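Colleague: Listed here are the chains, written in short residue letters.
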Amino acid sequence: MSFLNSSFTYRKIVDRGMAVVCAICFIAAFIPLVSVLWLVISKGAAGLSWAFFTELPRPVGEEGGGIGNALVGTLYMVGLACIIGLPLGVGAGVYLAEKGDGTIGNTVRFMAEVLSGVPSIVIGIVAYALVVIPMGHFSAWAGAVALAILMIPTLARATEELVRLVPGSLREASLALGVPNWKTSLRVIIRTAMGGIVTACLLAVARAAGETAPLLFTALNNQYWNINPSAPTASLTVAIFNYAISPYDDWHAKAWTASLVLLIVVGLLNIASRFLTRSRLKGAR
Amino acid sequence: MKKLLMGAALLLGTAASAQGLLINGAGATFPAPIYQKWFSEYNKLHPDIKFNYQAIGSGGGIKQFSEGTVDFGASDAPMKDDQIAKAPDVVHIPTVLGAVVVAYNAPGMKNLRFSGETLANVFLGKITKWNDPAIVADNPGVKLPDQSIVIARRSDGSGTNAIFTDYLSKVSPEFKTKVGSGTSVNWPVGLGGKGNDGVTGLVKATPGSIGYVELAYAIQQKLTVAELKNKEGNWVKASIESASAAANGVEMPADYRVSITNASGKDSYPIAGFTWLLVHKDSKDAAKGKAIVNFLRWALNDGEKMATPLDYAPLPKEVQERVLKTIDGLTVNGAKVSAK
Amino acid sequence: MAEAAGHLAVEATEDGRSGPGNLGDRVFNGVLWTLGIMILVVAGLIVLNLALVARPLAKEHSLWGFITSVEWNPVEEHFGALTFLYGTLVTSAVSIVVSVPIAIGLGLFITQFAPPKLGRILTIPVELLAAIPSVVYGLWGLFIVVPWLRESIQPWLGKHFGFLPIFQGPPIGLGYMASGLLLAVMILPTIVAVSVEVMKTTPEANREAALALGATKWEAVMMAVIPYSRAGILGAVLLGLGRALGETMAVTMVIGNSPQISASLFAPGYSLPAVIANEFAEATSAVHVGALAGLGLILFATTFLLNAGARVLVTAVQKGPSRVKG
Numbered sequence: 001m002s003f004l005n006s007s008f009t010y011r012k013i014v015d016r017g018m019a020v021v022c023a024i025c026f027i028a029a030f031i032p033l034v035s036v037l038w039l040v041i042s043k044g045a046a047g048l049s050w051a052f053f054t055e056l057p058r059p060v061g062e063e064g065g066g067i068g069n070a071l072v073g074t075l076y077m078v079g080l081a082c083i084i085g086l087p088l089g090v091g092a093g094v095y096l097a098e099k100g101d102g103t104i105g106n107t108v109r110f111m112a113e114v115l116s117g118v119p120s121i122v123i124g125i126v127a128y129a130l131v132v133i134p135m136g137h138f139s140a141w142a143g144a145v146a147l148a149i150l151m152i153p154t155l156a157r158a159t160e161e162l163v164r165l166v167p168g169s170l171r172e173a174s175l176a177l178g179v180p181n182w183k184t185s186l187r188v189i190i191r192t193a194m195g196g197i198v199t200a201c202l203l204a205v206a207r208a209a210g211e212t213a214p215l216l217f218t219a220l221n222n223q224y225w226n227i228n229p230s231a232p233t234a235s236l237t238v239a240i241f242n243y244a245i246s247p248y249d250d251w252h253a254k255a256w257t258a259s260l261v262l263l264i265v266v267g268l269l270n271i272a273s274r275f276l277t278r279s280r281l282k283g284a285r
Numbered sequence: 286m287k288k289l290l291m292g293a294a295l296l297l298g299t300a301a302s303a304q305g306l307l308i309n310g311a312g313a314t315f316p317a318p319i320y321q322k323w324f325s326e327y328n329k330l331h332p333d334i335k336f337n338y339q340a341i342g343s344g345g346g347i348k349q350f351s352e353g354t355v356d357f358g359a360s361d362a363p364m365k366d367d368q369i370a371k372a373p374d375v376v377h378i379p380t381v382l383g384a385v386v387v388a389y390n391a392p393g394m395k396n397l398r399f400s401g402e403t404l405a406n407v408f409l410g411k412i413t414k415w416n417d418p419a420i421v422a423d424n425p426g427v428k429l430p431d432q433s434i435v436i437a438r439r440s441d442g443s444g445t446n447a448i449f450t451d452y453l454s455k456v457s458p459e460f461k462t463k464v465g466s467g468t469s470v471n472w473p474v475g476l477g478g479k480g481n482d483g484v485t486g487l488v489k490a491t492p493g494s495i496g497y498v499e500l501a502y503a504i505q506q507k508l509t510v511a512e513l514k515n516k517e518g519n520w521v522k523a524s525i526e527s528a529s530a531a532a533n534g535v536e537m538p539a540d541y542r543v544s545i546t547n548a549s550g551k552d553s554y555p556i557a558g559f560t561w562l563l564v565h566k567d568s569k570d571a572a573k574g575k576a577i578v579n580f581l582r583w584a585l586n587d588g589e590k591m592a593t594p595l596d597y598a599p600l601p602k603e604v605q606e607r608v609l610k611t612i613d614g615l616t617v618n619g620a621k622v623s624a625k
Numbered sequence: 626m627a628e629a630a631g632h633l634a635v636e637a638t639e640d641g642r643s644g645p646g647n648l649g650d651r652v653f654n655g656v657l658w659t660l661g662i663m664i665l666v667v668a669g670l671i672v673l674n675l676a677l678v679a680r681p682l683a684k685e686h687s688l689w690g691f692i693t694s695v696e697w698n699p700v701e702e703h704f705g706a707l708t709f710l711y712g713t714l715v716t717s718a719v720s721i722v723v724s725v726p727i728a729i730g731l732g733l734f735i736t737q738f739a740p741p742k743l744g745r746i747l748t749i750p751v752e753l754l755a756a757i758p759s760v761v762y763g764l765w766g767l768f769i770v771v772p773w774l775r776e777s778i779q780p781w782l783g784k785h786f787g788f789l790p791i792f793q794g795p796p797i798g799l800g801y802m803a804s805g806l807l808l809a810v811m812i813l814p815t816i817v818a819v820s821v822e823v824m825k826t827t828p829e830a831n832r833e834a835a836l837a838l839g840a841t842k843w844e845a846v847m848m849a850v851i852p853y854s855r856a857g858i859l860g861a862v863l864l865g866l867g868r869a870l871g872e873t874m875a876v877t878m879v880i881g882n883s884p885q886i887s888a889s890l891f892a893p894g895y896s897l898p899a900v901i902a903n904e905f906a907e908a909t910s911a912v913h914v915g916a917l918a919g920l921g922l923i924l925f926a927t928t929f930l931l932n933a934g935a936r937v938l939v940t941a942v943q944k945g946p947s948r949v950k951g
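Residue numbers (the working numbering), protein chains in the order written: chain F, 1 to 285; chain V, 286 to 625; chain B, 626 to 951.
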C-alpha cells in the first residue's frame, strides 16, 4: 500500500481535506434546495389569498382570478387515480410478498422495478392511446389513468418490502390458531403492515400530484370548475407551466404562488407519511 | 355501502349537470386574447353556457377539430385541401383581423426598419449580426451594435407562423425553397417558443433577439416593433389601420380561405391576416350546435365591437355581412337554428 | 428464515384440508395472482400502445433511418430522432458530470464522515430535493438559473475558455447548459439515496480492518468502502441517468426548443421528452404523431435498459460477494 510510505502528516491533511470536500458537496447540494424554497416562498407568498384559492382564472389583462379550478382538478384527478392505482399497486405488492418467489414472481418484480423508471411523458402517450382516442376527447379519466399507471409500480415495490417486514412468527401464530391462510394474510399480515402501506400510498399520491407531463395531452386544461370525469380538467401543475411560459408578469407571479400551493400540498403529504412512519415504529416497540 | 355508492353517483350526476353546457375548443394563440374576452363576456350573458378554449396553436386546433376531440377549432392558417378532406364539413368563419409584427430586443433602437429581403435573410440565418450591411442599408444613420442576432420563432404548429412564412416566401424565393410556408416549417435557426406567448416571452427576456408575434401581444407587452416595407415600397408601421388597409378590396372567396400578406395598397401592412373559427356545417349535437351558432351571431355583431380596444381589427363591413349570412346557413341535425 | 417457516406452515395446512378455508385460499390466491399479473399487463400495454401509435411512421421510415436522421419536417413528413437523441444525451451527460461527484461526496459525508445522528438528519434535505415537482424546478430554472447563466456564467466562460467549442456562441442562458444544470439538481437525490444504501452495506469488518492497519478515515473509505460499493454506485449513476433521460418539464422550459445539433453548451437544443411535450397535442398527421410515439419508444427502451442494468448492479452489491456476518 503506497500510503505506508507517505508521511503521516500528509495523510492526515488528505484525510481532513477530503472530509471538507465532502462537506462542501453537501453545501453544494443544499444551495439549490434553499434557493428554490426561498424563491417560491418569497415570490409566491404575496399572491396567497382566499380569492386565489377559490376563483377561476381570468383572461389576460384582467386583475385577479385564481387557481381554484386547478387545485380542485388536481385533487379530483389524483383521487380518481388512487381509486384505480392504489388497489392495483398494493395488490401487486401483496402478491409479490406472499407468492412472489417463483419465476412469474421474479418477472413481475423485475418489471415493477423497471417500470417505475419509465418517463412520465411516455405514460402520457399510452394514456392518450388508451383513453383519449377511444373516448374521442380529452378527459379527467385519461389524466387519472396516466397518473395511476405511474403509481402502480412504485406502490408494488414499496408494499412488497413492507409486507415482507412483518415477522413470520405472526403468521405462524395465526395459522396455529386455525385461521385459514388467506384470512391470515388479510387480517393479520396486511393489517400489521397497513401503517407502512398507507405511508407508501401517501408518497405515491404526492408524486402524482406533482406530475405535469402526462396531463398535457390527456386532461388538457379547462377554464372552469369541473368534476365531470369525461371532460378536460385543469390541474395545478399544468397551470404553473402555462403561467410560467407566458410573457405576462402578473401570470409569472401567479406561477410562483401556484408553486407555493403545490409545494404545500406535496409537503403536507410527505410530512403526513413521515409522521405515520414514526408513530408506527413507536407503536411497534 | 350500497347507499353510499348510490348517493355518490347521484351527487356526481347532479353536479355534472348543474355545471351547464361545456363546449370545448382549441387552437390559435393569435386571437386568444380576444376569444377569451368573448367567451368570458358571453358567459356573463348566458351563465350556463361555458366555452372552454385552449390556446395550443393553429396546428393543434385543426387537428383536434378534425379528430372530433373538440367541438370547434381556431386557426389563422386556413385548412389545406388535404386537411379538409379529413373534415369535409368544416366551415371557416373569419372573426377578426390581426397583424404579425417583427418584435425585437435591442435596447435604445426604436423603429428599426427591415425590408422583406433583409428580414428573410435574417430568418434564414444568413444575417447573424445586428450591424450587418443589409440591416445598416435599411436603416441609414442608425448606429447598430456588433451583437449576435438571436432568433425566436414558434416551436408549435402555428397560424402566426403560417402567415409570417407566407410573407417571407412571397418576398424571398430562397426562403420559399429552403424553408417554405405553413403552420410548421423547418426553421434553420432559432429558439423555439410555445405559442405567441412563448415567443413574446423569449423576445422580452433575451437581449439581441428578434421574433414574430401577433400585434396585440406586442402592444400589451410593450415590445419594440420594426417597420416593414410593403408591396408599394412604403415603410409601414403595424397597426389596426394598416392591417385593415391590407384587407381592403381583397377578393374574398366563398369559403373565406384567403391570404392577405404582401397586399397592395399604399397603407397596407405587409403581414396581416384573418383568423378563423372552425365549426361544423351541420352539428350533430343539438345543445352544443345551437349554442355555437348563437355565440357566432353574437360574436360577429357585439363581439366585433370589442376588437379595437384589444388591438385587433374588426372585419370589413362587406365581409361581416357575408359571414353573418353563412352563420345563418349553419344547421343542427339538418335544421336551421333560430336566433335566441 | 422466518418467511421460510411461514411457508412451511402454509404447506402443512394445505395438506389434505378441505372445506371453506381451502376455497378461500384459492380465491385469495387467484385474486393476488391477477393483481400481480397486472404489472405485466401494464408493461405490455405500454409497449403495445406505443408501437400501435408509432405504426404510421414505419411506412416511410426504416428504424435505422429514423434513428440517424436529423430531419424533423412535419410539412414533408420526414422525421428523424438524431437531433433529440443528441440533445437528450448532451444534457444528461452534463447532469452526470456535475451531479455524480457531488452525490458521491455527499453520500460519503453522510455515511462515513458525519456522526450517525447527523447523517440521518442530512438525508432530509436530500429527500426534500426529490420531492420538489419538475415544473417547479422549471420555473426556478427559467427565472433564476437562465438569467444567472446568461448574465454571469456564460460570458465569463466565453471570455476565458472560449477557445473550447463547448463554450462558444452568444450567451442566451437557455440551452443545453441550463438543462444540464437543472437535471443535475434533480437526479442528485436519486444517486445519493442509492449510493448511501449501497455504502451502508459495506461490512463493518472491512472498514475496521483497514482502520486497524492504521489507515485514516479517508484511506479506509478508499480501501474498503469504495471498492465494495463500486458496482452499486455505478448502478446509482445509471438510475440517475435514467431519470435524467426521461425528465420532461424542467428541460422543456429551459432548453430553447430548437431542433438543431450544436457543439456549444451555450446553444439551444431539444430533447426527446421536450419535443413530445410540445408537439403531441398539436401534431396534425398520423405520421407526425407516429414519429413522436417512435421517440417515446426510444425513450422507453433506453430507460428500460438502464433501469434493468442498474437493478442488476445494485442487487449484486446488496447480496454481496461473500459476506461475513458481523
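Keep in mind that the hints are not guaranteed to be accurate.
[As the list claims (entries may be wrong)] Estimated spans, in silico, between C-beta atoms of each pair: (1) PHE53(F) - TRP520(V): 46 to 56 Å; (2) ALA572(V) - GLU701(B): 22 to 32 Å; (3) ALA911(B) - THR462(V): 21 to 31 Å; (4) VAL937(B) - GLY267(F): 30 to 40 Å; (5) VAL34(F) - ASP552(V): 13 to 23 Å; (6) PRO458(V) - PHE53(F): 53 to 63 Å; (7) PRO473(V) - SER777(B): 53 to 63 Å; (8) ASN647(B) - ALA572(V): 35 to 45 Å; (9) TRP781(B) - GLY267(F): 53 to 63 Å.
[To be verified] Lysine to aspartate or glutamate pairs mimicking DMTMM-like chemistry, simulated, CA-CA at most 20 Å apart: (10) LYS507(V) - GLU62(F); (11) LYS551(V) - ASP567(V); (12) LYS573(V) - GLU402(V); (13) LYS12(F) - GLU844(B); (14) LYS461(V) - GLU752(B); (15) LYS551(V) - GLU402(V).
What the hints contain is simulated information worked out from the structure, not anything from laboratory work. This structure is a prediction, so every number in the text was calculated from the model and none was measured. Note that CB positions come from ideal geometry on N, CA and C, so glycine has one too.
Colleague: Does each hint fit the structure? Answer for all of them.
Modeller: Right, here's what the structure says about each hint:
Distance hint for PHE53(F) and TRP520(V): a CB-CB separation of about 51 Å, consistent with the stated range 46 to 56 Å. Here the CB-CB span from ALA572(V) to GLU701(B) is close to 41 Å, at odds with the stated 22 to 32 Å. Under the hint 21 to 31 Å, the C-beta atoms of ALA911(B) and THR462(V), about 27 Å apart, fit the expected range. At about 35 Å, the CB distance of VAL937(B) to GLY267(F) agrees with the hint of 30 to 40 Å.
Our hint of 13 to 23 Å for VAL34(F) and ASP552(V) is violated, since their Cβ atoms are close to 57 Å apart. For the pair PRO458(V) and PHE53(F), the supplied restraint of 53 to 63 Å holds, since their beta-carbon distance comes to about 56 Å. Taken as a hint, the range 53 to 63 Å is violated for the pair PRO473(V) and SER777(B), whose Cβ atoms sit roughly 30 Å apart. A hinted range of 35 to 45 Å for the beta carbons of ASN647(B) and ALA572(V) is inconsistent with their spacing of about 57 Å.
Separated by about 36 Å at the C-beta atoms, TRP781(B) and GLY267(F) break the suggested range of 53 to 63 Å. Under the criterion of a C-alpha separation no larger than 20 Å, the hint pairing LYS507(V) with GLU62(F) is consistent with the structure, at around 17 Å. Distance check on the hinted pair: LYS551(V) and ASP567(V) sit about 41 Å apart at the alpha-carbon level, beyond 20 Å; violated. Restraint check for LYS573(V) and GLU402(V): the C-alpha separation of about 47 Å exceeds 20 Å, so the hint is violated.
For the proposed pair LYS12(F) and GLU844(B), the alpha carbon gap of about 10 Å is at most 20 Å, so the pair holds. Taken as a hint, the LYS461(V) and GLU752(B) pair is broken in the structure, with Cα atoms around 53 Å apart against an allowance of 20 Å. Restraint check: the Cα-Cα separation between LYS551(V) and GLU402(V) comes to about 19 Å, which is no more than 20 Å; the hinted pair holds.
In terms of the numbered hints stated before, the structure departs from hints 2, 5, 7, 8, 9, 11, 12, 14, listed from lowest to highest.
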